[in-house]
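Each chain, written out:
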Amino acid sequence: MISLPFIAVVVLIAFGLATVLFRKNMIKIVMGVSVIGSGVNLLLVSLGYRESAIAPIFTSAETTLMVLPTPQALTLTSIVISMAVTALMLALAVQIYRHYGSLSTEKRRLKE
Amino acid sequence: MSILLHAPALLIAIPLLAAFASVFLNRIGKKALSAWVVFALLATEAIAVLLLLDVMSGARHVYSLGASVPGIVSSTGFPVRIVLVGDALSAMVVFVAITIALLAGIFSTKFIEEGKEKFYSLFLLLTAGMAGLSLTGDFFTMFVFLEMLSISSAGLIAFFREGTSFEAAFKYMVVSSIGILFLLFGVGLLYGKYGFLNIAAVASMAAMQFSFIDGVALALISAALLLKSGAVPAHLWKPDVYQKAPAPVVAVLLTSGLVGVYLLFRILFMIVPGAGISQAVGSLIAGIGLVSIFVGVTMALKQESLRRLMGYAAVAETGYILLAIGTALSVASFASVFSMNALMGGIFHIINDAIDLGFLFLAIGAVSYVAKTDNLSEIKGLAHKAPGLSVIFLIGLLAISGMPPLNGFASKLMIFESLYFFSPLLSIVALLGSMAMLAIFVKVFASIFLGPAFKGTVRKLPRRMAFVLLCFVLTMILIGFFPGLVVDLLVEPAAAALTSSCSYIGGIL
Numbered sequence: 001m002i003s004l005p006f007i008a009v010v011v012l013i014a015f016g017l018a019t020v021l022f023r024k025n026m027i028k029i030v031m032g033v034s035v036i037g038s039g040v041n042l043l044l045v046s047l048g049y050r051e052s053a054i055a056p057i058f059t060s061a062e063t064t065l066m067v068l069p070t071p072q073a074l075t076l077t078s079i080v081i082s083m084a085v086t087a088l089m090l091a092l093a094v095q096i097y098r099h100y101g102s103l104s105t106e107k108r109r110l111k112e
Numbered sequence: 113m114s115i116l117l118h119a120p121a122l123l124i125a126i127p128l129l130a131a132f133a134s135v136f137l138n139r140i141g142k143k144a145l146s147a148w149v150v151f152a153l154l155a156t157e158a159i160a161v162l163l164l165l166d167v168m169s170g171a172r173h174v175y176s177l178g179a180s181v182p183g184i185v186s187s188t189g190f191p192v193r194i195v196l197v198g199d200a201l202s203a204m205v206v207f208v209a210i211t212i213a214l215l216a217g218i219f220s221t222k223f224i225e226e227g228k229e230k231f232y233s234l235f236l237l238l239t240a241g242m243a244g245l246s247l248t249g250d251f252f253t254m255f256v257f258l259e260m261l262s263i264s265s266a267g268l269i270a271f272f273r274e275g276t277s278f279e280a281a282f283k284y285m286v287v288s289s290i291g292i293l294f295l296l297f298g299v300g301l302l303y304g305k306y307g308f309l310n311i312a313a314v315a316s317m318a319a320m321q322f323s324f325i326d327g328v329a330l331a332l333i334s335a336a337l338l339l340k341s342g343a344v345p346a347h348l349w350k351p352d353v354y355q356k357a358p359a360p361v362v363a364v365l366l367t368s369g370l371v372g373v374y375l376l377f378r379i380l381f382m383i384v385p386g387a388g389i390s391q392a393v394g395s396l397i398a399g400i401g402l403v404s405i406f407v408g409v410t411m412a413l414k415q416e417s418l419r420r421l422m423g424y425a426a427v428a429e430t431g432y433i434l435l436a437i438g439t440a441l442s443v444a445s446f447a448s449v450f451s452m453n454a455l456m457g458g459i460f461h462i463i464n465d466a467i468d469l470g471f472l473f474l475a476i477g478a479v480s481y482v483a484k485t486d487n488l489s490e491i492k493g494l495a496h497k498a499p500g501l502s503v504i505f506l507i508g509l510l511a512i513s514g515m516p517p518l519n520g521f522a523s524k525l526m527i528f529e530s531l532y533f534f535s536p537l538l539s540i541v542a543l544l545g546s547m548a549m550l551a552i553f554v555k556v557f558a559s560i561f562l563g564p565a566f567k568g569t570v571r572k573l574p575r576r577m578a579f580v581l582l583c584f585v586l587t588m589i590l591i592g593f594f595p596g597l598v599v600d601l602l603v604e605p606a607a608a609a610l611t612s613s614c615s616y617i618g619g620i621l
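Top line first, the protein sequences correspond to chains W and U. With the first letter of the first sequence counted as 1, position 21 gets the number 21 in this note's numbering; the numbers rise by one all the way through. With the first letter of the second sequence counted as 1, position 156 gets the number 268 in this note's numbering; the numbers rise by one all the way through.
Extracted from the complex, chain U is given alone in its bound form:
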């Protein structure tokens, strides 16, 4: 089937074309633009699902751009072309990313009222960047997609054209472009040593002849990706950006951070175990995760502004993923049930983090839309006027703080359980962080929804926004009740794909 054959390329091409076409479609009308954007995102989503269904069994799609037969990377054993790889892990990441983008896109057809064509062309560029980043199989395309991601997100962060949002965008741009330049430096070092840009080709050689240069390059690349995902100590841009960017944009931005986490582990799992430094690197990453949880939670406790608070909570949530997968990496023998469980918990948490935090930011967007103000500290006692919204908001809060029977609980339990085996201390800190998160979110809920009735007038929540929020809530509850299903179908193949780096390298070269 030819759509499936070209799926990795189409996943990038459709949003990219749709981005530029959306400027022209705006001439026809606002409705046509919205319909076009939703259509393009739906088409991308359909292809992502097709790809995911196909690779779930452990197959791998390798797509080399510009080759007469896309499946063949190199006839001479010398990989020169740009390669896109869709395996169980990257297809899962792309599926999550496109799903969040689709829902946020539908949400913003009502949420964004002015300048839709500008918003959507940047939004679709951001989506294309995320898709490209999750599928890329070589280092230089990774650089290009990262830049594409940060340029379009800077535009979106400043979308409301307030002084502070420009400031947030400037900060984001400085931090991320320096990070990406360091990544390019690292890529240059690897190219200078091996003469390849293909990740699989570089990794197969770097794992065997690991030297100081590889160490420096790996450190630079990892630092850039950690920065993109907003882990401590490079987390400072996150609360600023999350405070000022439009709500649907934050949902997508946060997913793009998770794509950064995915790339980090894809690269580390290919090079590090073979080079025999997995204990050092894994513990370092787990340590960063632990500090991220601690800093995220403690800083969130003292925040006045709700969206800053959520930004710090997002730092802590990224910390859980880093902690779990870092711990699994540090033992590097994936035969044991515990390390495999930690790994799967981390991957599962990538899905849940995107759903829960994405939902919460969209719900905050809905709150500010309903109450017609961006200043959330003005809003009090909204439960009297918008009871439905307050109930689903509460469900989201419980999910993110890991309460059963919602999805956040399922993945956090996997993480806690398996970490306990490695060191009870890790498990305790992670658990305490989760509990503090619950306390913070109870405070948030009380401040917005409870208390004497909201005085201002309240707009009705448009049906489309309500539909998106309900989709999220349903997913959370379904995953919460049937976590085994998700683990079997999505997470386990993904974990297998992550750990079997030899077959990944062999499949590409």
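Bound-form chain W, shown alone:
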């Protein structure tokens, strides 16, 4: 049952989380979030995959077994959203760099 795509999902999410947790550079954190997003998208697509099935747009193909269309629609939406999220986070990182001249998260300026 466990197949390659699912292992890849776990690996991607683990890498992404590790990056977010242990890296101090904001750009790398953004990359980490983006990688987690790819892992989740891969999960969605692989959940809808069916062996030797056709794309859900052909109506008069020989086989009637189709891969599930819903996860693909979900993934498309999620890709678009994650692009917006990444762009916004990078824009914030640019602004932070302009203000402080550094992208490190080590120095906390918001007071405890």
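Just so you know, these hints were derived from the structure itself, not from any lab. Just so you know, these numbers come straight off a predicted model, no measurement behind them. There's no promise every hint is true.
Stated by the list, open to error - Stretch by stretch, here's where chain U covers chain W in the computed footprint (C-beta under 8 angstroms, at least three residues):
1. 19 to 29
2. 40 to 48
3. 61 to 74
4. 93 to 107
Unchecked claim - Covered by chain W, according to a simulated footprint, are these stretches of chain U (three or more residues, beta-carbon under 8 angstroms):
5. 377 to 386
6. 585 to 598
Note that CB positions come from ideal geometry on N, CA and C, so glycine has one too.
We have chain W already, so just place chain U on it with the hints.
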């Protein structure tokens, strides 16, 4: 009546359209923009009231997008469309959310002086996100609205373009987008098992054939929603964000956190009692609530910055809701008066929390507007220059710390009373937290308003801001004097809607 028929869709569509139109209206003039925004929010509010009045009797509005007859979800018994659900609980939540957004919107017509069109398009997007989140009936739309909410709020948090506000926005964005991705992961797992995205359809099956996969998915989804509502241990973004975001934005953000709490319980109450794990899950949620109260209050005690302090107080207030509803969930038999009371106290506290904390942040905004500084530690002895403001600020502080006869007391008393029945210890901790909160707020009040007279010049509070603050204060006093009315009209139907998950599921499928 067709407005009522389309009410759930209109509640999302109006602010969404108004958000994009506001950029164009700015070309006509600043006044036109403000008038447009207030008009759009008023129209949304009117529809929210219509919906609420209609469902108060226990009816349910199911609206499936794209169907020829919006009331029919599936003719074949297979729910594929996006569904919006307005029942007594979600209509109440949407009503509270839109009301706070309306008042904060009116407040910010004066509060925000530069870049209004950007502010308002994000603000209305945030409102649309909240409305969508409270009405959504399927998991994927929930994901989309959560992202919409966090993207627009990140923009608003960084609105004043200071270094620290960008930092707060970045932090918020990292935390919330990871949380939401985990939610999507959980939703994916549920879809993989059941092939549905409709919450009711998934819940009806998950309750019966609950397995490890459902447990993982439920944990991921709950974790994301708890993070959104800022409960311990995912509370760290809250003080940062509340410290740096513009005051009216904080009022709305905090309401969006409460919408997250609502969604959490909507999902849990549908799946958990049927699966027979209500004791474990309920006690876990109640435990998180208890720790949130403790951490929120103790951290608030040592804060120097007023708005950070309020952020921790908000964590503690969320804790009360989680504690009450979690305890009610843990017994899962809603026949007993006590569990029903705990549940109603929790739901009532959602309303009061939004009103009290929302008011306090707007009042802090008014203080910094009047004294022309964002640095609240510079402000001392303002009562000499702005006596009216100090009186209503005091009323708000008393309300949030649960003093009679204000609204915070009414809901907290319900919570304390009913918790005492389950375990006196819970009640005592909750009560102590409430008392510590009063001590903290007395300190806050003294530091801003009392002492030798404020030296700087003082601006007059614009009439519009004063009007908004007075609306809040009047509501607090009215709810404080007539809590029974609110409980009968709003809270009891909402609690009934939350516990009768079978009828919810049956109504949708």
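Worksheet item: Do at least three Cβ atoms from the stretch 61 to 74 of chain W come closer than 8 angstroms to Cβ atoms of chain U?
Response: holds (count 4)
Discussion item. Taking 8 angstroms as the Cβ threshold, is the statement that the stretch 377 to 386 of chain U is covered by chain W upheld or broken by the three-residue rule?
Written reply: violated (count 0)
Discussion item. Just to make sure I understand the rule, a stretch counts as covered if three or more of its residues have a C-beta closer than 8 angstroms to a C-beta of the chain. Does the stretch 40 to 48 of chain W meet that for chain U?
Written reply: With 4 residues in contact (Cβ-Cβ under 8 angstroms with chain U), the coverage given for the stretch 40 to 48 of chain W holds.
Worksheet item: Three or more residues of the stretch 93 to 107 of chain W near chain U by CB distance under 8 angstroms?
Response: holds (count 5)
Worksheet item: Residue count check for the stretch 19 to 29 of chain W against chain U: does it reach three with CB-CB under 8 angstroms?
Response: Holds, because 3 residues of the stretch 19 to 29 of chain W bring their Cβ atoms closer than 8 angstroms to Cβ atoms of chain U.
Worksheet item: Counting residues of the stretch 585 to 598 of chain U whose CB is closer than 8 angstroms to a CB in chain W, do you get three or more?
Response: With 0 residues close enough to chain W, the hint is violated.
Of the hints listed earlier, those the structure fails to meet are numbers 5, 6, in rising order.
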